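Enquirer: Listed below are the residues making up each chain.
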Amino acid sequence: MLFNSLDYFLFLPLVFILYWFITYKKLAVQNGMLLVMSYVFYGWWDWRFLFLLLFSTLLDYFSGIKIHESENPVRRKFWLVLSIGINLGFLGFFKYYNFFAAEFGALLQQLGFNVNEFTFKIIQIILPVGISFYTFHGLSYIIDIYKKRIPAVYNFVEYALFVSYFPLLVAGPIERATHLLPQLQVPRKFNYHQAVTGLRQILWGLFKKVVIADSCAYYANMIFNNSGDYNGSTLFLGALFFTFQIYGDFSGYSDIALGTSKLFGIELLRNFAFPYFSRDIAEFWRRWHISLSTWFRDYLYIPLGGSKGGKWMKVRNTFAIFLVSGFWHGANWTFIVWGFLNALYFIPLLLSNKNRDHINIVAAGKLLPSVSDVGKIAITFFLTVLAWIFFRSADLTQAWDILTTIFSSSLLQPLQVFPKEPLLLIVFFMLIEWLGREHQFALETFGLKWNRWLRLAFYMVLTVMVFMYSGKEETFIYFQF
Amino acid sequence: MRLFLTKLLLFLLPFILLFPLYVVMDPFKVLRKYDSYYPAYGTSPANINKDYVSTQNLLHRYKTANYNSFIFGSSRSIFYRVNEWSRYIQTPPRQCYHYDAFGESLYGISNKIRFLQAQQIPIKHALLIFDYALLEGVEQPKEYFRQQHPAVSGKSSIVFHYNHFKAFYNYRFLKDYFTNLYGKKSSVVHDAALWEVNKQTYDAATNEARFDDLEQLIRTKGDAYYKERTAVFFKRSTTPQVYGAVIREVQQKQLQQIKAIFDANAADYRIVISPLYDQVKLNPEDLQFLQKLFGKEKVFDFSGINSFTIPVTNYYEESHYRPQVADSILKIIYSARQ
Numbered sequence: 147m148l149f150n151s152l153d154y155f156l157f158l159p160l161v162f163i164l165y166w167f168i169t170y171k172k173l174a175v176q177n178g179m180l181l182v183m184s185y186v187f188y189g190w191w192d193w194r195f196l197f198l199l200l201f202s203t204l205l206d207y208f209s210g211i212k213i214h215e216s217e218n219p220v221r222r223k224f225w226l227v228l229s230i231g232i233n234l235g236f237l238g239f240f241k242y243y244n245f246f247a248a249e250f251g252a253l254l255q256q257l258g259f260n261v262n263e264f265t266f267k268i269i270q271i272i273l274p275v276g277i278s279f280y281t282f283h284g285l286s287y288i289i290d291i292y293k294k295r296i297p298a299v300y301n302f303v304e305y306a307l308f309v310s311y312f313p314l315l316v317a318g319p320i321e322r323a324t325h326l327l328p329q330l331q332v333p334r335k336f337n338y339h340q341a342v343t344g345l346r347q348i349l350w351g352l353f354k355k356v357v358i359a360d361s362c363a364y365y366a367n368m369i370f371n372n373s374g375d376y377n378g379s380t381l382f383l384g385a386l387f388f389t390f391q392i393y394g395d396f397s398g399y400s401d402i403a404l405g406t407s408k409l410f411g412i413e414l415l416r417n418f419a420f421p422y423f424s425r426d427i428a429e430f431w432r433r434w435h436i437s438l439s440t441w442f443r444d445y446l447y448i449p450l451g452g453s454k455g456g457k458w459m460k461v462r463n464t465f466a467i468f469l470v471s472g473f474w475h476g477a478n479w480t481f482i483v484w485g486f487l488n489a490l491y492f493i494p495l496l497l498s499n500k501n502r503d504h505i506n507i508v509a510a511g512k513l514l515p516s517v518s519d520v521g522k523i524a525i526t527f528f529l530t531v532l533a534w535i536f537f538r539s540a541d542l543t544q545a546w547d548i549l550t551t552i553f554s555s556s557l558l559q560p561l562q563v564f565p566k567e568p569l570l571l572i573v574f575f576m577l578i579e580w581l582g583r584e585h586q587f588a589l590e591t592f593g594l595k596w597n598r599w600l601r602l603a604f605y606m607v608l609t610v611m612v613f614m615y616s617g618k619e620e621t622f623i624y625f626q627f
Numbered sequence: 242m243r244l245f246l247t248k249l250l251l252f253l254l255p256f257i258l259l260f261p262l263y264v265v266m267d268p269f270k271v272l273r274k275y276d277s278y279y280p281a282y283g284t285s286p287a288n289i290n291k292d293y294v295s296t297q298n299l300l301h302r303y304k305t306a307n308y309n310s311f312i313f314g315s316s317r318s319i320f321y322r323v324n325e326w327s328r329y330i331q332t333p334p335r336q337c338y339h340y341d342a343f344g345e346s347l348y349g350i351s352n353k354i355r356f357l358q359a360q361q362i363p364i365k366h367a368l369l370i371f372d373y374a375l376l377e378g379v380e381q382p383k384e385y386f387r388q389q390h391p392a393v394s395g396k397s398s399i400v401f402h403y404n405h406f407k408a409f410y411n412y413r414f415l416k417d418y419f420t421n422l423y424g425k426k427s428s429v430v431h432d433a434a435l436w437e438v439n440k441q442t443y444d445a446a447t448n449e450a451r452f453d454d455l456e457q458l459i460r461t462k463g464d465a466y467y468k469e470r471t472a473v474f475f476k477r478s479t480t481p482q483v484y485g486a487v488i489r490e491v492q493q494k495q496l497q498q499i500k501a502i503f504d505a506n507a508a509d510y511r512i513v514i515s516p517l518y519d520q521v522k523l524n525p526e527d528l529q530f531l532q533k534l535f536g537k538e539k540v541f542d543f544s545g546i547n548s549f550t551i552p553v554t555n556y557y558e559e560s561h562y563r564p565q566v567a568d569s570i571l572k573i574i575y576s577a578r579q
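From first to last, the protein sequence lines stand for chains A and B. Residue 316 in my numbering is what sits at position 170 of the first sequence, and the numbering runs on without skipping anything. Residue 297 in my numbering is what sits at position 56 of the second sequence, and the numbering runs on without skipping anything.
FYI, nobody ran anything at the bench for these hints, they're computed from the structure. Predicted model, so just to flag it, every value in this text is computed and none were measured. Heads up, the beta-carbon is just placed ideally off N, CA and C, and yes, glycines get one too.
Simulated restraints on C-beta separations: (1) A:190 - B:247: 26 to 34 Å; (2) B:328 - A:562: 56 to 64 Å; (3) B:344 - A:566: 34 to 42 Å; (4) B:260 - A:595: 30 to 38 Å; (5) B:249 - A:577: 26 to 34 Å; (6) B:248 - A:517: 40 to 48 Å; (7) A:294 - B:264: 55 to 63 Å; (8) B:490 - A:189: 23 to 31 Å; (9) A:517 - B:400: 55 to 63 Å; (10) B:481 - A:567: 42 to 50 Å.
Taking lysine-lysine pairs in the DSSO-like style, the calculated list, with each CA pair at most 27 Å apart, reads: (11) B:440 - B:416; (12) B:248 - B:407; (13) A:171 - B:248; (14) A:566 - B:416; (15) B:270 - B:440; (16) B:396 - B:500; (17) B:494 - B:537; (18) B:248 - A:335; (19) A:595 - B:248; (20) A:460 - A:500; (21) B:416 - B:274; (22) A:293 - A:460.
With the hints as constraints, model all of the structure from the sequences given.
Expert: If you want it as structure tokens, here you go:
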């Protein structure tokens, strides 16, 4: 079920009513209902995927208990390896099998081996929606128990809900057991302000997705799908459209997820913090897909030694998390190069100890940024746009062709496509984002000091815009990851 | 909580009110029964589900009409006119029913034939208008206007109605719908479907549509009609092309069911493979299967490059051929018997 569909528009009030009016008296019943509805939400795509989700949940639930109950280090490690192995095995099979089969076959052929089509058969695999997200939920839980940061959960419904809670099930944020589980284990109370803030966040998320991302998607797709027909300036415009598409799409999804969860009195981890106002790449990565970045930091970067070793260890570990992050997005060299490029951007900051220069919010307490900040934001944004070209391209050849065309004299040629409406929408969108950048999301306090009717009119305008631009039910980019 | 819900309901009221509006307007004519689902002459403000109309209209009339002859197919079958066909099968036109659907599939036709059997409606004569795309379809399409009538598909009527409501709950649809109802209709769109922009004459008794205005337009404009539509009439390959085989186990089963029902009814039937503008021939494997199952004398393949598909003037656009082609085909397939 998509957040931007009529299905969800009917599903959410139903769950809300069941949650606060029917099952509220008993926590176990309320959690059980949420779990059932989460499975309905997920099964809406394809009920067969539910078996994989249930299997993964059962595996981690029992492995967690086994690890927790055992004092024997070998046995603890056995359950840890078993759980991680099977989880990553599933992820690897569904997401990466064809990639490795094709690449390994090609390598053997280049080495002179006779490879027929059946040696590494490419098979039709349907990627279960959200598998990367719920696998990472389970992994963090198991690793945390192994590291004795948390005890195992014995209540199956609570654990299953932690993994499959519908607002975050298919595209995150990637939650931690330490943050979400305690909220699921205590009764929730309806909080008017929290619920209203949640609705505002849902509205802003829908605006980002339906109005901004889907409008940009049309032109980004048109330009990228026919990239050979366009000059450098138009290709750069296409990359810009994709830059706003992916931000509107993914951060919009996260806002709807967080807002939805607030309606149930449950706070989820923040996933985006106005990344396009970052002054360097390190800041960008503290503000983009935060739950994934921190996941990799805690479960990959730090275990590898983090920043404690020498310079080269830092470089190695940084490359490792960026490459793995790229690969996490999908089985394509374009994602790996995207990760590599970001690592290249990041390394100079790390080596010069400037990676934590911009911890605070840009131009905090001021209306406008300084000239220096504008320059830094522009450079960071430009570097990000270039990296997104790899992310969006079908393959490395296309990405390279686009880049070489952009960095040619054709960049100075007139635009072949100049859609005014989406560009105006982007300006409006970024203006609101800028004004709200000191808050959790742009609309959190925006307009709260206005006359209530004016504020209501503003919300109504946004709602009508969402309605006007909706109807296509475009899926979210991150569902494929 | 009360304050929260009250404010939320008030805010969303305009969107919630769309539901009663849908019930009152019934834009797709799926909520109530109608004597005729299309205006006798004109265009519908909404794209109406022809599959639903065909079945609903049949249910409304079959007990008094005594239908016993049926034309099955997609919108490409529209131009096989009942009056013309009835001459060959020697049946009164009023006992013939054009049981078609937009984007019809083999799944749809096999369900319809089984439905007729379940309703104990005799099938004395049948004309099946097939093409590659129709044979390929073995599942219910997703678009609301291609959803099969629940009585025929056996699927949930809640899902059927929900899909129609979803189609209504859409700004673009609402804008077009109310413009068509109360505003100025858009001028002829060259690549729009026939029924969207051209007035049709609808006869509920035979469930048949005629596009006389369109014929008149072609007669008036002549070559200009085709010159204006060069983008629609794409350039065709000069070398013969063949579609990939589409009849697999599912289709085989559906076709066998159709054959069994025809046999049980001792029906006289013909199967036509349409002469499509693309000039791509039906795969020989598929043709062979059809001929083996139904008999060579029953299956007539007009796909590929031939005298029907060469003249552009035989087509309204790239998808639909004109009544003159259908008339000639009827003549060929029924004279072949004698």
